[in-house]
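Residue numbering for the sequence shown follows our numbering, starting at 3 and increasing by one per position.
Hints are computed from structural coordinates only; laboratory data are not their basis. If you're wondering where the values come from, they're calculated on a predicted model, not measured in any experiment. Every residue gets a Cβ at the ideal spot worked out from N, C-alpha and C, and that includes glycine. Do not rely on the hints blindly, as some may be mistaken.
Here are the computed lysine to any residue pairs in the SDA-like style, where the Cα-Cα straight-line distance is at most 20 Å [unchecked claim]:
1. Lys30 / Leu56
2. Lys5 / Ala54
3. Lys38 / Ala71
4. Lys5 / Phe53
5. Lys5 / Thr74
6. Lys30 / Arg10
7. Lys5 / Glu43
8. Lys38 / Val48
9. Lys70 / Leu56
10. Lys5 / Glu15
11. Lys30 / His17
Distance ranges between label pairs, derived from CB positions [what the hints assert, rightly or not]:
12. Ala71 / Asp92: 17 to 23 Å
13. Ser89 / Gln24: 33 to 39 Å
14. Trp69 / Thr100: 25 to 31 Å
15. Glu43 / Thr22: 20 to 26 Å
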Amino acid sequence: RDKVAAARHLIYEQHYVVDTLQVEELLKNESLVPTKNAFSEWLSHVGFDFFAMLVVDLLHEFKLGIWKAVFTHLLRILDSLKGDVLSELDRRYHQIPTFGHDTI
Numbered sequence: 003r004d005k006v007a008a009a010r011h012l013i014y015e016q017h018y019v020v021d022t023l024q025v026e027e028l029l030k031n032e033s034l035v036p037t038k039n040a041f042s043e044w045l046s047h048v049g050f051d052f053f054a055m056l057v058v059d060l061l062h063e064f065k066l067g068i069w070k071a072v073f074t075h076l077l078r079i080l081d082s083l084k085g086d087v088l089s090e091l092d093r094r095y096h097q098i099p100t101f102g103h104d105t106i
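Go ahead and model the full structure; you've got the sequences and the hints to work with.
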């Protein structure tokens, strides 16, 4: 909240543009935006943490290249194991129903 408040002070009272270095230095490391949140404003006095309310979706946290590298590494590990582990993973993926009638 303090970083967002400081960024809002720069933007609205000192007339900085949102993408200036000073504002970015405050917000960028935590991917914050200079917007007040109703949950934070109304419930922070009772210890409510807005960020703890959000569930992190790890697949959306990975960039595509990183996910591809991690998945490729997993496949290589499975391929190196004894037995037909890679085929078992493939079989399990095929058990997942498609979304709708279309394909990717």
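Need the list of violated hint numbers for this structure, in ascending order. 3, 5, 9, 13 and 14
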